[in-house]
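Construct all of the structure, not just a fragment, from the sequences and the given hints.
For the sequence shown, position 165 (counting from the first letter as 1) is numbered 165 according to this note's numbering, and the numbering increases by one without interruption.
FYI, nobody ran anything at the bench for these hints, they're computed from the structure.
Just so we're clear, the structure is a prediction, and the values are computed from it rather than from any experiment.
The beta carbon of each residue, even a glycine, is placed where N, CA and C say it ideally should be.
Among the clues, some could well be false.
To be verified - What follows is a list of derived Cβ distance ranges for each label pair:
no. : residue 1 : residue 2 : range
1   : Val163    : Asp118    : 33 to 39 angstroms
2   : Asn74     : Ala40     : 16 to 22 angstroms
3   : Thr73     : Arg26     : 35 to 41 angstroms
4   : Ala23     : Gly86     : 30 to 36 angstroms
5   : Arg128    : Gly165    : 20 to 26 angstroms
6   : Gly82     : Gly115    : 17 to 23 angstroms
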Amino acid sequence: MRIIGIDPGLRRTGFGVVECEGARLRYIASGTIIVPPEQALAQRLKVILDNIREIVTDTRPDVSAIEKVFVNTNPTSTLLLGQARGAALCGLADSRLPVHEYTALQIKKAVVGNGHADKTQVQEMVKRLLTLDDTPTADSADALACAICHAHIAPLKRRLEQVAGLHAGRRTGRLRGGRLVG
Numbered sequence: 001m002r003i004i005g006i007d008p009g010l011r012r013t014g015f016g017v018v019e020c021e022g023a024r025l026r027y028i029a030s031g032t033i034i035v036p037p038e039q040a041l042a043q044r045l046k047v048i049l050d051n052i053r054e055i056v057t058d059t060r061p062d063v064s065a066i067e068k069v070f071v072n073t074n075p076t077s078t079l080l081l082g083q084a085r086g087a088a089l090c091g092l093a094d095s096r097l098p099v100h101e102y103t104a105l106q107i108k109k110a111v112v113g114n115g116h117a118d119k120t121q122v123q124e125m126v127k128r129l130l131t132l133d134d135t136p137t138a139d140s141a142d143a144l145a146c147a148i149c150h151a152h153i154a155p156l157k158r159r160l161e162q163v164a165g166l167h168a169g170r171r172t173g174r175l176r177g178g179r180l181v182g
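Next up, the structure:
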């Protein structure tokens, strides 16, 4: 399974692509989409959208993971971040990728083991987990961490869905002569 992780931002949007083969993770690509600040908002969002589409075309992931927006004290910043995230989501959806969303706390917990880890800890763990020669930039590391988070959580999600499906089948069956009939 090939996973693209996205760390959305209006100035800098990180992306990272990993391949998951069983429990092994392999680095494919990562980088940062730099959005020109002097452009109008609509044009800045288009830069994110177009770049996400291009990265997906180039790296051909099977699934995507994106960081959920947190609400901070500045509502204007939160709104702008949400719009950047929306542009990234549109790029992923337009590429017909399944999208999975994770909070920063979930991502840090999955990668570092501590939901309150700082950026340098995330960068170091991403470097170690992917056996990279160099430490990735903060934006790339956050995006790679998002992809790693999904790689760790996806098998559990699939198993829970299977179990839920089994239980749902039991609930919808009818009893006939003391036996459950589908």
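Evaluated hints:
no.: 1; hint: Val163 to Asp118: 33 to 39 angstroms; result: 36 angstroms, holds
no.: 2; hint: Asn74 to Ala40: 16 to 22 angstroms; result: 21 angstroms, holds
no.: 3; hint: Thr73 to Arg26: 35 to 41 angstroms; result: 39 angstroms, holds
no.: 4; hint: Ala23 to Gly86: 30 to 36 angstroms; result: 34 angstroms, holds
no.: 5; hint: Arg128 to Gly165: 20 to 26 angstroms; result: 36 angstroms, violated
no.: 6; hint: Gly82 to Gly115: 17 to 23 angstroms; result: 22 angstroms, holds
Of the hints listed earlier, the one the structure fails to meet is number 5.
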